[in-house]
Structure formats: C-alpha cells, structure tokens
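J.: Fit chain to chain and form the complex, with the hints in mind.
Residue numbers (UniProt numbering), protein chains in the order written: chain A, 1 to 360; chain B, 1 to 292.
To be clear, the hints were calculated from the coordinates, so they are not data collected in a lab.
Quick reminder that beta carbons are idealized off the backbone N, C-alpha and C, glycines included.
A hint or two may mislead.
[Unchecked claim] To give an idea of the chain B side of the interface with chain A (calculated C-beta under 8 Å), a few residues:
1) H186
2) S187
3) Q189
4) D191
5) S194
6) Q197
7) P205
8) L206
[Said to hold, decoys possible] Pulled a few chain A residues facing chain B out of the computed Cβ check, cut under 7 Å:
9) L51
10) I76
11) N82
12) P98
13) Y359
Chain residues, written in single-letter form:
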Amino acid sequence: MKITMKEVTMKFNDVTALDQLSVDFEPGNLISLLGPSGCGKSTTLFLLAGLHQPTAGEIYFGSQLMNQVRPENRGIGMVFQNYALYPHMTVQENIEFPLKIKKAPEKERARRAMDMAELVKIGELLKRKPRQLSGGQQQRVAIARALAGSPKLLLLDEPLSNLDARLRLETREEIRRIQRETGVTTIFVTHDQEEAMSISDKILIMNAGHQQQFCPPQEMYEKPANAFVAAFLGNPPINLMEAVCTDAGMPGIRLHTMEHAVPLTDVFREALPTGQRCQAGIRPEDWFVTNDTAHTAFTGKVIHKETIGRDTLIRIERDGVFVRALVQPQANILLGDSISLGVQSGKMKLFHIDTGKAYA
Amino acid sequence: MSITRFEENRLHQVESKWKIIGNRGLFAGIMAFIVVWSLFPVYWMANNSLKGRLEQFSSIPTFYPHAPTLENYHRLFQEMGFLGTIGNSAMVAFVSSVLAVAFGSLAAYALSRYQFKGKQVLLAWILLTRIFPPVAFVIPLYSIMGNVGLLNTRIALILAYIVFNLPFAIWMLIGFFSEIPIEIEHSAQVDGASPFQVFRQIVLPLVAPGLAATAIFSFVMSWNEFMYAMIFIQSPDLVTVPVALSGLVTEYLVLWGPMSAGGILSTIPILVFVIFLQDYLIKGLTLGAVKG
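For reference, chain B alone in the conformation it holds in the complex (with noise of 0.2 Å):
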C-alpha cells in the first residue's frame, strides 16, 4: 500500500514538473509573439532605413538589407535639415513637459493635500480640458495665438502642449502626493519645516517616481503630437519631427528610405528621455516610509 502510494507519489512528481515547464513555455511563447508583435514594425523601419530604394521596392522583401547604406540618413541630414527638427521637437517637448511637471506639481499638492471651497468643482474643470479632443481647440487656440502674434512661433507649441499636459500631470500626481503618508508631513512639521521646506525636502523626493512617470508621459504625447504642430508652424525651419516626416509624403512619391530613417531617429530622444529617468521610476522610494 504505502509503496503503490510513493509510486503515485512520484509519477504525479513527474507530471507535475512537465506541467511546470509546459506552462513556462507557454508563457514564454506568448511573451516572444508579443515581443515580436510590437518590435517587428520597429525593427522592419530600420531595416529600411538602410536600404537602397531598389532594394525597399524589390517584389521579394529582403528581412535585412543586403547592401546597406547611410544615404538615407545622408539625405535626411544634408538635404532636409532633420537636425534642426529634432532640435524644435526636443526643445518644444522638453520645455512643455519641465513646465508641465513644475506647476503640475504645485498645484496637485495643494489638491491633494488642502481642503478648500469649490475644489471637486475645479478638479472637474480641470479634468474637462482632457475630455474634450484636442481638435475642438485649435480653432480659438489658433485665434488667440494670431491675436497675440505667436503663430508661427515654438512659444505657441510650447503654451498649447502645456494646455493638455497640465491637467494630466496634475491628475496623475495627485495620485502620488495622496500616497504619502500625512503623518511623514506632519512629522517634519514638528521637526520644525516650513510648508514650503516640507514640499521641498520631504514631498518631492518621495514623488520623485511619480515625477519622472509623468514628465516622461508629458514628454512623448508633446515629441509625438501632430495637428498642433501642423496647424501653428509654417516655416520649415521651426517644423517638428511628425510634422517634418508626414512632408515625405510628396504629390508624386513617398520618400519612404529617409522616412524610415527619421522615425528610426526620432524614437532615439524618447529612449534617452526614458533611460535618464527610470531610476527614479523604479525606485520604490516610499517604501519602509510607515510601518505596516
């Protein structure tokens, strides 16, 4: 009896352990198709991007080229000015994201952490800026940006982006800030801290995670953001990256070599923007703040 027992003991040992590794290869078989699912566009525009435009229109496609070459990038950077897109997409981003944040912040505290009149009423306002689609405001954004004679200029993408940036920053960190337990401000309120210390030296390190999460949000819809930049900027040398790619597409031919190269640079700022801030996006700084 007790040996039959053992016996089924270890078969069912045994079944079990397939069980284990067919569930891990299931897992992992899903994971690589949507690995492959979400990179494989990323990576066929690189490949292009180093393809002669024979080759980008050969009926069999090539899965990496064959005799690669930079002229795209040559042409993008030589003959389009794509430096100085980047250079207006970076700025315009960078700049609508740090504002963005900075007031964000200030003001999701005070929403955050101070009761006062009319407060659900100005989250609501707050939050409609963002129901809205962003095409219902181009029109008056476009009528006070030519009263105050900033078409045509960054300022004006800067100010726009800002406009849907700052009610999103300030939803997503009033999250954060309500995280923070009171007792911690509380406690260096005694220790002898000025509001304004408190937010300075205990609040904001500990949203630092929270801060990153939203600029690096603030900074890919702005780097990505088309109709504005479309609509507000006339001159090509203010244009921004989507702007300057969707110009590619010409009456007679898609200029797709330089195209997949563009988009293949544009992701880069993005990347760099992201691996700058993700230590304080991983950092789980509130931690071991109150026990429990």
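Bound conformation, chain A alone (with noise of 0.2 Å):
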C-alpha cells in the first residue's frame, strides 16, 4: 500500500514538531525515518498510527484519506520503543491479541499465533509471560504481534534501540528478512545511521521538523543534499571545513588555513565563482596520504592515531583545524608526524557557506 503524506504538520501548543512534510511511501518498501531527537520522526510515524492527529496537512493510505480515522480502524501493526507487550497474557494471548479484537475464531487465531511466532522463532516461549523473556525474545513477540492483523502497514518506533550492540545486529538482519518474507509496507524509526543504512530501502532524514533528504541509503551517502545530511550519515563523521575558490591559472578550491589549492571539479565550476567561499565536505576515508604537493589538499600533524581492526584513524591538525582520515595501517604514521593529505576525485562536497545546501 503506498503511504502519501501531504504538506503535514504538527504542533504541540507551540512548538512545530513536523513543517509541512511531503512524501510517497512506496508499497513493499522499507523506510527508515532517521534524525537526531526530536527531529519529528517519531511524530510522523505517530502521525501514520493515528495515535496524534496533524495541525494540518493530509495522510493518504493507498487513495484513502485517513486524517480522520481512528489508529483501531487503520489496519496498522506497531512495535514500540518498550515492546509494550501486555504483562498479564502469556505470548501466546499477546500475539492472538490484533486477531481476538477482531473476533477471529479461535482455532485460526492458535494457528496464525504459531504461524507469526515461527515467522520470529520465538514458537517454544507461547506460553510464557513477557517478563519471563529476555529483551530480544520481547521484542520478536512485539513484532509477532504488529504482524498477526495482518497490517498493510507496519511502523517501528526504535525497535532496537533497547537491545545490546550484538542482538542489535542480529535484530535488523531479522526484521529485514522478516520484511522480505511479508512484502509489508514497513517504516522503521532510528537515530541510528548505520542500522537505517543497512536495512532500508529508502532512507527520509529529517531535522528539527523539516524533511532534508528522501532517497536510497547509498545515494545518500554519496550525494548528501545537505551539510547536515552529509554530517548525520557516516562514522567516523564527515570532515566539514572552511574553504574558498580560487582561480591561478585553473579553478581550484583551497581548504582554510592552507596555501595551495587543489583542482576544482568541473561540476562544481559553473556554480562557484573565484572568491566563493562554501564548505568543503571530505569524507575520512575519501583521503590518501601524498607526497605530492600537487595533490595536497591538507597538511597538518598526527595528533591522534588509532587502529581498530582493519582500519587505522587518524585526526591531524592545523591552526585549530582538525581533520579526520583513515589511512591504510601499512603506512607507517608516528604521532607528531606532518604529513599531506590528497583527496581521491570527485569525491570532495561543495556545500552552500551559509544554508549548507549542496551545489551540483
């Protein structure tokens, strides 16, 4: 079922929490909303349940209009930050709940809890009681459950954000085979980059109420349409700086405090004239390490240096600015090293100096 969200709005007394966010959820797909907290993303998944009712704006299901319709007649499954498992039925009552409400007769409401349970391999704990099960078990029945109506919708309010690093990773390998295997429609909320990476099909980040990027995870990450995008997504994070157009010869674009430029890229010419300052984004790993003062983009000394796995990172600095670069652990790098640091091409960020957006 496709999800259309017009120009919705959201304000508690007065405080916008969601600005007129527009946007087509397509069917089958697995969206993550992700942002810091407080960005209205869990507002908008609760805007989707019908558990808040937008200051304006219009929610569609398929072509049904559903600003009026109440969350029990929604046809939605939900899994909660805290499982809000019902403590006094066992699994079993837990996850026949949806279809009990609905007045399922008996034996198919046994079979599709056994059936949902399987789907989450929790089938030996039915008769058990949510407080007999560790977190991840309470978090399958959680899931079980929003799954047993058989939604057309289902939403996850930070479903993992409870469970320890390892489970974690487990978890939203499970819940994406599990959205596989359904075809659900599924949104999914998380400040967390790297799951919302991982598992999403398309990504909408957000922040402070405003929508700033809806796309696939990857696009995302390489063509970030924003300063805060590019910062959000990423670990270690994205190196922003100061940096200005310069003409010697060939366009070129220096970073603050350095000397020397580096060649502009031709599609950011046209839209940055010499004299233009914006901010450079360079990812860690989109460094090499260089001799050539030709390709220097960056030099500065090793402050920090840490190897963790098959990664070694690095932060240099100069004059106050910090850079952070992951180099290869062969090289041989010393703290107190001054080394030059290249950009790889076309991988360097051109944002706008004072709203951050993306040029080209």
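T.: Shown next, in the form of structure tokens:
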C-alpha cells in the first residue's frame, strides 16, 4: 500500500514538531525515518498510526484519506521502543490480541499465532509471560503481535534501541528478512545512521521537523543534499571545513588555513565563482596520504592515532583545524609526524557556506 | 606479618559474625514488640469473649479463660440478633465499596489519561469532600436524606459512604492508572481495540492490585464507620456492627462479654475480604510490561 503525506504539519502547543512534510512511501518498501532526537521522526510515525492528529495536511493510505480514521481502524501494526507487551497475557495471548479484537475464530487465532511465532522464531515460548523473556525475545513477540493482524503497514519505533550491540545487529537482519518475507510496507524510526543505512530501501532524513533528503541509502551517502545530511551519515563523521574557490590559471578549491589549492571538479565550476567561500566535506575514507604537493589538499600534524581492526584512524591538526582520515595501517605514521593528504578525485563535496545546501 | 594479618582478619570475621547475629536479634526483638503491642488488645478481646462474667471481673486478670464458655456468643446471637447486624454491615460496606471502586475507576482513568479544561479544579473539588471532617456533612446529608425519604434505610448509609469512599477511590486509583505505560494502551489501540476495549481488556487487569487495595480500604472504612450509622438509622434491625456494639454500654452496666465477642466477630468479614483480595494485591502485574 502506498502511503502519501501531503504538507503534514504537527504542532504541540507552540512547538512545531513537523513542518509541512510531503512524501510518498512506495508499497512493499522498508523506509527508515532517520534524524537526531526531536527531529520529528517519531511524530511522523505517530501521525501515521493515528495516535496523533495532524495540525494541518493530509495523510493517505492508497487513495483513502486517513486523517479522521481512528488508530484501531487503520489496519496497521506497530512495535514500540519498549515493546509494550501486555504483561498479564502469555506470549500467545499477546500475539493473538489483534485477532481476538477482530473476533477471529479461536482455532484460526491459535494457528496464526503459531505461524507468527515461527516467523520470528519464538515458537517454544508461547506459554510464557512477557516478564519471563529476555529483551530480544520480547522484541520478537512485539513484532509477531504487530504482524498477526496482517497489517497493510508496519510501524517500528526505534525497536532496536533496547538491545545490546550484537543482538541489535542480528535483529535488524531479522527485521529485514521478515519484512521481505511478508512484503509489508514498513516504516522504521531510528537515530542510528548505520541501522538505517543497512536495512532500508529508502531513508527519509529529518532535522528539526523538516525533511532533509529522501532517497536510497547509498545515494544519500554519496550525494548528500546538504551539510546536515553529510554530517549525519557516516562513522567516523565527515570532515566539514571552510574552503574558498581560487583561480590560479585553473579553477581550484583551497581549504581553510591552506596556501595552495586542488583542482576544482567540472561539476562545481559553474556554481562556484572565483573567491566564493563554501563548506567542503571530505569523508575520512576519501583522503589519501601523498608527498606530491600538486595533490595536497591538507597538511598537518598527527595528534591522534587509533587502529581498530582493519582501519587506522588518524586525526591531524593545523592552526586549529582538525581533520579525521582513515589510512592504510601499513603506512608508517607516528604521532607528531607532519603529513600531507590529498582527496580522491570527485569525492570532495561542496556546500553553501550559509544554507549548507549542496552544490551540483 | 602475613600471619598476624590473617589472624586479624579472622578476628574481624568472628566479630562481624556476632555483629550480624546481634543485629538480627535486635531486629527480631523490635518486630516481636510491635507484633505483641498491636495484637495484644485483640488477644485480650478474644480472651474476654470466652470468659464468664465472674472471671472477667476477677481482681487478678487471667491470661486465658480458666472456664471457657461460649455464653457471650450465644447471648449475642440469641438475644441481640447479631447475625442480622453483621448482615447489615456487610451489605452496606460491600455495596458502597463496589460502587465506589466501579465509578472511581472510570473517573480515575479519565482523570489520569485525558487532558481537559478544568481538570485541576475538578481534582481539587474531589479532594475537598475529604478535607472537611465527616461531621460537617451530617446535618446537610441528614436533611437531604429526610427530604427524599431515605432516613432509616440502608440505602442512606450506602449513599453516604459513597460520598466519602468515591473521592478516596479516585485519588488512589489515579496513581495506579498513571503507572501503566501509555505505550501499552497505544499498542492495544493500534492492534484494533476501541477505547472501551483498551480499558476493559488491558488497563483494568493491570490495575487489579490497585482496585483490590482501594476496595479493601473502602470496605474497612465503611465497616467501621460509626457516626452516620448512628444518626441515619433508628430501627434496631437495621443497625450496623459499631452501633450495635456501642449499644452494649448501657445505663447501668457495660456488657463486656458480648461486646468482646462482637468485636471478635466483626473482624472476621474484614479478614475474609482481605484474604479474598490479597492475591490481587501482591501480584506485581505491571512488572515486565516494558523493558527498563
């Protein structure tokens, strides 16, 4: 089922939690709502669930306007951050609850509960009470319950945040598998960019109630619409620093505090006149160590170095500007060394100095 | 060095062992004192209820009945119709508690979950009826009951007790309702439950301990209430236990024996009621509802 939000605004008293969000969610997709806390992602989810009423705008499921439809009549399933299992019911009763409310025959209910339990691999726990389950198991029960009523839309509100790191990894793969198997349109709220990147068909990234970008994860990573998106995605985070356009024979871009420039890629030439200041974004993995001054974009002193597994992360500093770079562990770099870094061709991102909007 | 250190440790261990025993002893002593202090009057009442009149007044009190007799109980039931009195009390207390809890739970749920204009004023107003001493309402209630022809009926008592039990029930239950994570209700709503289904199938079972506690308090308050029962009821066949027992203090003598017997008997329904509900009381049902 296609979900359409048209200029949806949500205000709590004077606070605007969501400002004129217009977006289409394709049927059968898994879509992540990503953003820092207070960005309006949970509000969006609650609006879709009908637990909040939008201040303005329209929400459609397919072609049907849903604004006035109560949550119980929307045909959705939802998993809450704290799972919200019914503590006085067994796992089976929990999973059966949506069907019991629909007055489904008891046999069918039991069969469906069993199917769902097997889908999320908790078939042997049906007779337990929620408090006898681990966090991961509770989470699976919550998913099974949300799916039991055959919802047209599945809403997940930070479902992994209460799990430990390892379980989180496993569970997000599980969620993806279950979503593929059932084909249910799924909206997944998270503040963890890695989570969103790993399981979504598309990511809707938000900040302060405003939509920032809506596209597939890899595209978002490679072509962030603005500096906020660029900074939010990626770990270690992107290096954002001031830069200026130069023209010494050919168009170039010079990073703040540096004396010489690197060539400006064709795509930026038209948008950026000589002398124009902007924000340059370079991901840590897009640097390379170089001795060639022609390629050098940044030179500085190594002030920090850590090797985690296959990566070596260094931090270098020059006149109060700090840069993070991922380098080959083989490169023999010591603390205090002065090194020069070049940027791999086409990997530098440029943003408007004030608005942060991406050029090109 | 190491040996002395070892000895020291051992000494220390022995000392702390004695310390633990001492602490436990002290704790047990204090507990025993509290138990005796609170249960002795009850024991003395039971003791007296089984004594004849002669033994009750013996100059050296006997700590157990030397000539146990059921005469006091016999008199209470045969001559004073105490069974009917207990029935009156039970009926008045039970009906008023059930109604107070039933209406109280609906009101408390609304007050705990919904935001509406004048909510604070309403809450304060509900509390107000409990701020004034009950005696302040005797005269107005008496004249109201008189006007509607309810004086000298059990209905008058039931209504009067609801006046006091309902605000109490509402305030007590608001706390219990507020403790239920709102996500559980949201979840039930999304699962397709109407607001009443959410209340009936999810919320009520979860506040069962609160309902039980509130019901017990209401029941005990109604059961022990004296003033209204004294003033609103005149017919001897309609009086409640506290009034009946006070009637045993007569102009010429105090009937200690039957009074003790009645006191013992009057605790039984409360015990039964509490035992009946204690299962709900101690079940920490919300435990494990949400993680964290």
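J.: Against each hint, give a clear statement of whether it holds in the structure.
T.: Quick rundown of the hints versus the structure:
Taken as an interface hint, B/H186 checks out: its beta carbon lies about 5 Å from the nearest beta carbon of chain A, inside 8 Å. Because the smallest distance between the Cβ of B/S187 and any Cβ of chain A comes to about 4 Å, under 8 Å, the interface hint for this residue holds. For B/Q189, the shortest C-beta to C-beta distance to chain A is roughly 4 Å, which falls under 8 Å, so the interface hint holds. This hint holds: B/D191 has a C-beta 4 Å from the nearest C-beta of chain A, less than the 8 Å allowed.
For B/S194, the interface hint holds, the least distance from its beta-carbon to any beta-carbon of chain A being 6 Å, beneath 8 Å. With 8 Å as the threshold, the beta carbon of B/Q197 comes within range of chain A, its nearest partner Cβ sitting at about 6 Å, so the hint holds. A hinted interface residue such as B/P205 counts as satisfied when its beta carbon comes closer than 8 Å to some beta carbon of chain A; here the least separation is about 5 Å, so the hint holds. Nearest Cβ of chain A to the Cβ of B/L206: about 6 Å, under the 8 Å cut. The hint holds.
Below 7 Å, beta-carbon pairs count as interface contacts, and A/L51 has one with chain B at about 5 Å; its hint therefore holds. Evaluation of the A/I76 hint against chain B yields a held restraint, the C-beta minimum of about 6 Å falling below 7 Å. With a cut of 7 Å, the hint placing A/N82 at the interface with chain B holds, because the nearest CB-to-CB distance is about 4 Å. A distance limit of 7 Å between C-beta atoms decides the matter here; for A/P98 the minimum to chain B is near 4 Å, and the interface restraint holds.
At a threshold of 7 Å, the smallest CB-CB gap from A/Y359 to chain B is about 43 Å, leaving the interface hint violated.
Consistency note: the structure conflicts with earlier hint 13 alone.
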